[in-house]
Amino acid sequence: MTKTVYLDNSATTRCFPEVVELMDRILLEEYGNPSSMHHKGVEAEKRIREAGQILADILHCKRSNLYFTSCGTESDNLAIIGAARAAARTGHHLITTKIEHPAVLETMKYLEGEGFEVTYLPVDAEGKVSPADVEEAVREDTILVSVMHTNNEIGTVEPIEEIGAAIKRKNPATLFHVDAVQGFGKARILPGKMHIDLLSASGHKIHAPKGMGLLYVRDGVRLRSILFGGGQQGGLRSGTENTAGIAGMALAAKMLYDHLEEDREMLYGLKEQFLRELEGTEGIHVNGPAGREGAPHVISLSFDGVRSEVLLHALEEKGIYVSAGSACSSNRPHVSGTLTEIGVPKEHLDSTIRFSTSVMNTPEDMTAAADALKELLPFLRKYTRH
Amino acid sequence: MRYQAFLIKYAEIGIKGKNRGIFEEKLVSQMKIALKRCEGKFSVARTSGRVFVYCDGEYDYEEVTQNLQEVFGIVGICPIRILPVCEIGELKKAAAEFFGEEYPDRAHTFKVHCRRLSKNYPLDSMGVNAEVGEAILEAYPEATVDVHEPEIQLNIEIRERIYLYSHILEGPGGLPIGTAGKAMLLLSGGIDSPVAGYMCAKRGLKLDAVYYNAPPYTSERALQKVIDLASKVARYTGPIYLHNINFTKIQLYIYEKCPHDELTIIMRRFMMRIAETIAKRTACDALITGESLGQVASQTTRSLAVTNEVCTLPVFRPLIAFDKEEIIHISKKIDTFETSILPYEDCCTIFVAKHPVTKPVADVIRRHERNLDEKIDELVQEALETDEILIVDRDGSRVFKHREDPLEKGM
Chain A
1 MTKTVYLDNS
11 ATTRCFPEVV
21 ELMDRILLEE
31 YGNPSSMHHK
41 GVEAEKRIRE
51 AGQILADILH
61 CKRSNLYFTS
71 CGTESDNLAI
81 IGAARAAART
91 GHHLITTKIE
101 HPAVLETMKY
111 LEGEGFEVTY
121 LPVDAEGKVS
131 PADVEEAVRE
141 DTILVSVMHT
151 NNEIGTVEPI
161 EEIGAAIKRK
171 NPATLFHVDA
181 VQGFGKARIL
191 PGKMHIDLLS
201 ASGHKIHAPK
211 GMGLLYVRDG
221 VRLRSILFGG
231 GQQGGLRSGT
241 ENTAGIAGMA
251 LAAKMLYDHL
261 EEDREMLYGL
271 KEQFLRELEG
281 TEGIHVNGPA
291 GREGAPHVIS
301 LSFDGVRSEV
311 LLHALEEKGI
321 YVSAGSACSS
331 NRPHVSGTLT
341 EIGVPKEHLD
351 STIRFSTSVM
361 NTPEDMTAAA
371 DALKELLPFL
381 RKYTRH
Chain B
1 MRYQAFLIKY
11 AEIGIKGKNR
21 GIFEEKLVSQ
31 MKIALKRCEG
41 KFSVARTSGR
51 VFVYCDGEYD
61 YEEVTQNLQE
71 VFGIVGICPI
81 RILPVCEIGE
91 LKKAAAEFFG
101 EEYPDRAHTF
111 KVHCRRLSKN
121 YPLDSMGVNA
131 EVGEAILEAY
141 PEATVDVHEP
151 EIQLNIEIRE
161 RIYLYSHILE
171 GPGGLPIGTA
181 GKAMLLLSGG
191 IDSPVAGYMC
201 AKRGLKLDAV
211 YYNAPPYTSE
221 RALQKVIDLA
231 SKVARYTGPI
241 YLHNINFTKI
251 QLYIYEKCPH
261 DELTIIMRRF
271 MMRIAETIAK
281 RTACDALITG
291 ESLGQVASQT
301 TRSLAVTNEV
311 CTLPVFRPLI
321 AFDKEEIIHI
331 SKKIDTFETS
341 ILPYEDCCTI
351 FVAKHPVTKP
361 VADVIRRHER
371 NLDEKIDELV
381 QEALETDEIL
391 IVDRDGSRVF
401 KHREDPLEKG
411 M
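Just so you know, the protein sequences line up as chains A and B, in that order.
Numbered per the working numbering, the first sequence spans residues 1 to 386.
Numbered per the working numbering, the second sequence spans residues 1 to 411.
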């Protein structure tokens with residue numbers, strides 16, 4: 001059996017064994033409902049409190065600013081719909097970008113159906129949103145601006161702090177939501193400093209399990225709930241807390257943020273090594289920002305004359321797992337919003353592969369992937385449809 | 001329970017002369033398999049030229065009728081209420097009540113049709129018809145009698161017990177699975193081939209299937225899609241032995257050696273050859289394809305002739321004269337449509353030329369195939385050895401190790 005080289009970490013990650021171990025203990029022994037009066041309940045509540053503190057320390061906020069949800073998508077939905085409904089009496093305008101994840105774009109579309117007005121801002125050739133554009137678009141009745149921290153398809157890191165400042169300059173009442181599902185665990189994100197009012201993150205992108213989301217809500221921000229029930233988490237997010245998932249996500253985040261700088265350095269190293277090894281191989285184009293401008297863990301490449309689906313499966317035969325375009329839209333081919341928006345030529349849309357790394361990858365992985373590409377590309381280019 | 005039995009109608013089987021017994025037996029055994037899936041106790045009986053399902057105790061009506069509606073050979077299913085033999089007064093009351101329950105709006109024209117199999121009932125059939133008809137009219141003044149073209153016929157059969165029935169649920173028709181032998185279906189993952197398989201199975205054929213995958217050009221999901229399609233067809237046919245063949249090397253070799261506009265036709269000839277080899281090995285007496293005249297370049301009359309000439313077994317093409325719309329209609333009916341349109345590449349479309357030949361000349365194709373002489377036998381042999389057999393039933397699949405041995409059992 002060939003060694004598995006997993007380069008699809010922006011789709012999801014492998015859990016840290018330490019996270020699984022902790023969750024195992026909680027699921028088997030500390031399985032109480034955090035709302036229960038008895039010891040088992042207290043024990044579970046304590047786990048959640050500890051986890052909240054860890055995450056609050058990472059984000060430089062208070063525990064009370066954090067809400068646990070079931071996924072990044074839920075966090076985005078709660079932030080955007082919750083804010084829109086809470087402010088519906090005074091405003092009816094929202095702003096986002098054309099390259100957001102469907103969890104944001106589809107939510108915006110839903111709100112358009114509810115009568116809200118949405119402005120979709122363009123991005124430049126590297127996928128960047130201009131703070132000036134944002135400032136210009138903000139109006140008196142703008143409820144919220146939603147901009148992603150790191151793009152999932154090409155790794156663009158948006159100028160969040162500048163955008164935040166621009167929004168508040170124009171209209172201090174406008175809320176700033178940041179979808180940080182790809183950025184959390186990969187970059188230092190400080191909501192207070194960056195003028196962020198709402199921030200979404202997800203567990204399974206940072207080596208915690210699927211089924212965990214996080215939402216930061218700045219003090220004083222009013223949200224309407226979108227789930228109704230037992231009134232947990234201050235009534236904003238009813239439903240029994242996922243104690244094991246929450247503790248697991250906090251531990252994973254801590255493990256990442258304890259070595260953030262070294263890890264970023266390591267990931268940039270892998271990215272640079274990979275691109276260096278591919279230098280001189282013909283017909284490869286890098287999408288998105290060059291060098292250290294972009295995120296350390298996302299590499300988007302287009303290959304002349306090769307269909308991404310075929311290349312993906314050919315790499316798979318060698319034990320290398322990657323994504324075609326963006327995994328989240330892979331069952332609807334040809335609709336990669338980001339690639340189209342940054343002006344990737346038509347013939348490359350169907351020839352783009354995303355390699356995404358994590359702290360679990362090694363230089364050997366990158367060499368294996370580069371070698372495989374060098375071997376496969378000439379072979380695959382020999383057989384084409386015409 | 002509202003019904004204690006079902007009368008099974010099976011028009012075509014009735015006319016099979018001396019073979020009738022064999023057909024009925026197959027029908028009964030297929031019904032028993034269907035009923036095994038249902039919660040409850042059932043018995044199937046052939047009596048005086050009819051097949052009945054008796055329900056002993058509680059059962060789920062929807063479940064039973066749905067499962068029976070997947071048994072080929074059944075034309076109609078009539079839910080029956082059974083009463084002990086009783087006096088006419090009581091029968092009138094029960095029949096009127098049954099009528100009211102079956103047709104809650106009651107404003108229909110109707111007729112009562114009685115058959116007496118035990119002739120010792122005091123009233124004759126005509127008498128029963130008149131009495132019961134009167135009772136229904138009395139109970140529901142909005143109903144009217146029409147003995148010539150009634151909307152509703154209420155049937156009463158007086159046997160060792162009295163059977164009341166009226167509604168007929170449509171069955172799938174056709175002939176019981178297995179009465180027409182076994183054939184090999186070329187299953188691609190498109191809309192047509194599952195429908196072709198279904199239609200042949202409906203005429204009593206048991207199905208095996210062959211699928212050609214071409215990694216890395218086709219994906220694991222494409223195979224899963226084909227398994228899902230086979231599994232939907234298996235609701236009607238029982239478990240399907242699906243042969244999964246790796247076709248990549250043959251395909252690339254043809255690409256290298258033959259004119260590209262003939263690629264599809266030559267590829268299809270090899271698919272037919274391999275399918276036939278497996279078919280013969282597995283006791284299939286025919287091949288089935290989803291081809292439909294003129295649909296694509298490889299399905300012109302000339303192309304079909306050129307493809308056909310490599311086989312000695314008959315090739316059944318039940319969709320040959322169907323329009324796409326008609327095929328889609330059936331695929332929706334058998335619930336394969338939504339799966340068929342999932343966008344995974346199948347191996348026929350990978351290298352398809354912009355303008356493939358529509359009028360291939362057999363001689364020319366044969367000559368070009370000779371370009372493959374050096375390695376093709378070896379590659380075909382190799383492909384045959386990749387054969388992985390998946391036994392696909394209605395719930396999914398189990399993988400069988402390799403070819404040959406499973407073929408004796410379980411067919």
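I should point out that these hints are in silico values taken from the structure, not numbers from a laboratory.
None of these values were measured; they are calculated from a predicted model.
Don't be surprised by glycine CBs; every beta carbon is placed ideally from N, CA and C.
One or more of the hints may lead you astray.
Simulated restraints on C-beta separations [as the list claims (entries may be wrong)]: (1) A:Lys46 - B:Lys41: 37 to 45 Å; (2) A:Gly319 - B:Gln224: 18 to 26 Å; (3) A:Thr340 - B:Lys332: 29 to 37 Å; (4) A:Ser64 - B:His329: 57 to 65 Å; (5) B:Glu151 - A:Thr340: 55 to 63 Å; (6) B:Asp323 - A:Glu375: 54 to 62 Å; (7) B:Thr65 - A:Glu316: 26 to 34 Å; (8) A:Thr340 - B:Cys311: 53 to 61 Å.
Cross-check of the supplied hints:
With their beta carbons about 55 Å apart, Lys46 of chain A and Lys41 of chain B fall outside the hinted range of 37 to 45 Å. Between Gly319 of chain A and Gln224 of chain B the CB atoms are about 20 Å apart, so this pair conforms to the stated range of 18 to 26 Å. At roughly 33 Å, the beta carbons of Thr340 of chain A and Lys332 of chain B sit within the given window of 29 to 37 Å. For the pair Ser64 of chain A and His329 of chain B, the supplied restraint of 57 to 65 Å holds, since their beta-carbon distance comes to about 59 Å.
At roughly 59 Å, the beta-carbon separation of Glu151 of chain B and Thr340 of chain A lies within the given 55 to 63 Å, and the hint holds. Against the hinted window of 54 to 62 Å, the Cβ-Cβ separation of Asp323 of chain B and Glu375 of chain A comes to about 47 Å, which falls outside the hint. At about 45 Å, the CB distance of Thr65 of chain B to Glu316 of chain A disagrees with the hint of 26 to 34 Å. For Thr340 of chain A and Cys311 of chain B, the hinted distance range of 53 to 61 Å is not satisfied, since their beta carbons lie about 47 Å from each other.
The structure fails to meet hints 1, 6, 7 and 8 from the earlier list, while all remaining hints are met.
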